[in-house]
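**Student:** For the first sequence, the working numbering begins at 1 and goes up steadily by one.
Certain hints may be false.
[What the hints assert, rightly or not] Here are the simulated DSSO-like cross-link-like pairs (lysine-lysine), alpha carbons at most 30 Å apart as the crow flies:
hint, residue 1, residue 2
1, K190, K82
2, K195, K210
3, K195, K255
4, K210, K181
Honestly, the hints are just simulated from the structure, not real lab data.
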Amino acid sequence: MRLMSIQLNESEPFDLDATLCCGQTFRWEKHGEWWYSVAKGKILKIRQTNNRLVFENVDSGFVKAYFRLDDNLLKVYSQISKDDHVRRAISVFRGLRILRQDPWECLISYICATYKSIAGIERMLFSLSRRFGEKIHFDGLDFHTFPTPRRLTRAHPDDLAKCGLGYRTKYVHETAEIINKNELKFERLKNTSYKEAKAELMKLPGVGLKVADCVLLFSLEKLGAFPIDVWIKRAITEHYARYFQKELILRTTSKRSLTSMDYEKLNAFGREYFGEYAGYAQEYLYHYERTHC
DNA sequence: CAAGTGCCTTTATC
DNA sequence: AGATAAAGGCACT
1 MRLMSIQLNE SEPFDLDATL CCGQTFRWEK HGEWWYSVAK GKILKIRQTN NRLVFENVDS
61 GFVKAYFRLD DNLLKVYSQI SKDDHVRRAI SVFRGLRILR QDPWECLISY ICATYKSIAG
121 IERMLFSLSR RFGEKIHFDG LDFHTFPTPR RLTRAHPDDL AKCGLGYRTK YVHETAEIIN
181 KNELKFERLK NTSYKEAKAE LMKLPGVGLK VADCVLLFSL EKLGAFPIDV WIKRAITEHY
241 ARYFQKELIL RTTSKRSLTS MDYEKLNAFG REYFGEYAGY AQEYLYHYER THC
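All chains should be modelled from the sequences, with the hints used to inform the complete structure.
**Tutor:** Have a look at this one:
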């Protein structure tokens, strides 16, 4: 198997570990110095040494697309650096990039992600793949492809539940049926406006405001999407309270879940305040809130 | 060790 | 319409 590499220069910061550990993706595993995952039915194996990305089994075009090396991160930074707090988060995780994930896997992942810890999400998704995906042997390790829509349609709900999906079982199964019937085309959503694409996604069972925003940001080219989860809610109430009415801040700090009205307010703030690349700001704030507070 | 809390929320029901 | 409760289960305290 041939090793290939990409040389990164100063103007294109990239940090592989930060990118894969920030909680946007759930099916990567590190063995020794190498990161492994399965994408498009193939093993992706990659490592970073300083300014060099070394990878195997995939071509550089795929690596550039998947890791969004086509994003001008310096331009992104200059646009989202609106205050000291984001600037701090950016400086800590400099090189973290949004991934360009597969929409189907991303959709199911975030339907499963509701009300669940990251470790729990990873367990569910590995379990789903082990049970319903295709096994691939590589470097003496076993990997599994992510199950296709058709395969999940055929799966018995009891067997989905055995993967720890709980109340999400029905949502995953019904969404798989809709996608399998090709009633929602991801490629079309990429070329549709943020608002319209979000409304389309929210017709799917198990997809609300937050899940839709995650799928749009991580797999459908909507870098301006700004998902609001408990951590971002915390970051906003702690560092951006001055932009909101006192009652909203009180409500969101005292209650566990957001009303859809309050979600819309926090979401609109993020998108307007940070601009075109608000999703990047979200990911830096999210990761910073989880690891440094 | 039991019980409580929290988890990258959505939906059903009042 | 707008608020509230219920929905796996697991990890952590």
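**Student:** Run every hint past the structure and note whether it holds.
**Tutor:** Okay, the hints, checked on the actual structure:
Restraint check for K190 and K82: satisfied, since their Cα atoms lie roughly 27 Å apart, inside the 30 Å limit. Our distance criterion of 30 Å between C-alpha atoms is met by K195 and K210, whose separation comes to about 13 Å. Only pairs whose Cα atoms come within 30 Å are accepted, and K195 paired with K255 is accepted, the gap being roughly 27 Å. Pair hint K210 plus K181 holds up; C-alpha atoms about 24 Å apart against a cutoff of 30 Å.
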